[in-house]
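Asker: Sequence:
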Amino acid sequence: MRREKRGRSTKLFFMIILIIGIIALQVFYTYQEGITPLEPGAGHDIIVNIPSNVSAKEIGGILEQQKVIRSSWAFSLYTRFHGSESLKAGDYLLNSGSSVPQILDQLNDGKTLLYTFTIPEGYTIRQITDLLVNKGLVDKEAFRKALATVPFDYDYLRGLPSNEKRLEGFLFPATYRIQRDTPPEDIIRMLVNRFNQELTPEVRARLKELNMSVHDAVTLASLVEREAAKEEDRPKIAAVFLNRLKKNMKLEACSTVQYLLDQPKAKLYYKDLEIESPYNTYKHGGLPPGPIASPGQASLKAVLYPENVDYLYFVAKGDGYHYFSRTYSEHLQAMAKYNN
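Per the UniProt record's numbering, the sequence shown starts with residue 1, numbered consecutively.
If you're looking for bench data, these hints aren't it; they were derived computationally from the structure. Be aware that a few hints might be false.
As the list claims (entries may be wrong) - In silico BS3-like links for lysine-lysine, alpha-carbon gap of 30 Å or less:
#, residue 1, residue 2
1, LYS265, LYS283
2, LYS265, LYS337
3, LYS250, LYS135
4, LYS111, LYS145
5, LYS301, LYS165
6, LYS271, LYS208
7, LYS165, LYS111
8, LYS165, LYS88
9, LYS317, LYS283
10, LYS267, LYS208
11, LYS236, LYS135
12, LYS267, LYS247
13, LYS250, LYS271
14, LYS247, LYS230
15, LYS236, LYS265
16, LYS283, LYS267
17, LYS145, LYS236
18, LYS111, LYS230
19, LYS145, LYS230
20, LYS140, LYS57
21, LYS337, LYS317
22, LYS236, LYS246
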């Protein structure tokens with residue numbers, strides 16, 4: 001009897017061991033399958049947002065729900081054995097053809113998706129702010145606050161009033177790539193630092209030769225940027241403004257009046273020219289208090305190397321080019337011809 005009982009116990013033991021082994025094998029194969037690519041081969045790209053302060057289990061749930069991985073359970077188990085302490089939040093471009101180890105490498109490396117934005121030449125701070133807000137890259141109020149408060153050590157930015165327009169003209173127009181969660185302060189530093197790259201030793205030497213400050217050069221270049229449409233006209237327009245300054249003539253630049261309007265107008269009227277502001281160059285002599293937009297390289301170069309002409313006036317011809325005049329009477333004739 002004892003031998004029969006012992007035999008039954010042994011059989012039961014081995015059956016339990018066998019069942020446990022089978023279950024373990026099933027779990028193992030399920031796990032192994034779970035960490036393989038959901039769509040072996042090319043797969044397809046999926047943008048996934050990983051929030052901050054979430055667990056590996058929650059991340060696995062997000063990835064499974066968005067059909068990037070086969071199993072959130074397998075992902076959670078894999079991260080437990082291979083480390084998930086450094087998983088970084090952000091937007092990721094993941095592929096359903098990647099295995100869990102490959103995806104975990106991306107999350108550990110923090111290779112978040114970079115977003116591209118381009119600031120066109122001649123954009124104002126208001127337009128730049130709207131551009132970034134519309135792309136979902138900044139909060140409007142946070143960006144405006146940062147514009148007024150981010151500190152800089154550059155000599156040409158010292159002493160400027162602490163408001164959101166103090167960096168007008170110094171957010172350089174170019175193409176940039178950032179992560180979606182980049183702080184507004186870092187975006188602003190990037191744009192201003194890019195402008196500073198334009199101030200090469202040669203540019204500094206030329207400004208000294210012209211006896212012109214960086215601030216004045218950028219201010220004048222911003223007028224050129226907003227007035228000119230064609231590359232060839234920029235050095236001539238810069239020359240007109242410089243010639244008028246030398247003769248103590250008001251600049252009378254329509255672009256400075258447009259800067260004062262909530263919305264630019266296709267055509268200015270005499271009442272617009274009467275707006276009281278130091279930026280209104282129809283009412284006040286000299287340069288406006290500061291830039292009215294972000295000038296590009298061509299406009300900055302035009303100010304540094306204006307064309308050697310004695311023009312004092314210009315008028316838009318309607319084809320993107322301008323007609324330049326030396327005398328007021330000639331200018332009136334040009335206006336009568338091209339303003340019809």
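Asker: Of the numbered hints stated earlier in the document, which are not met by this structure?
Answerer: 3, 6, 7, 8, 10, 11, 17, 18, 19 and 20
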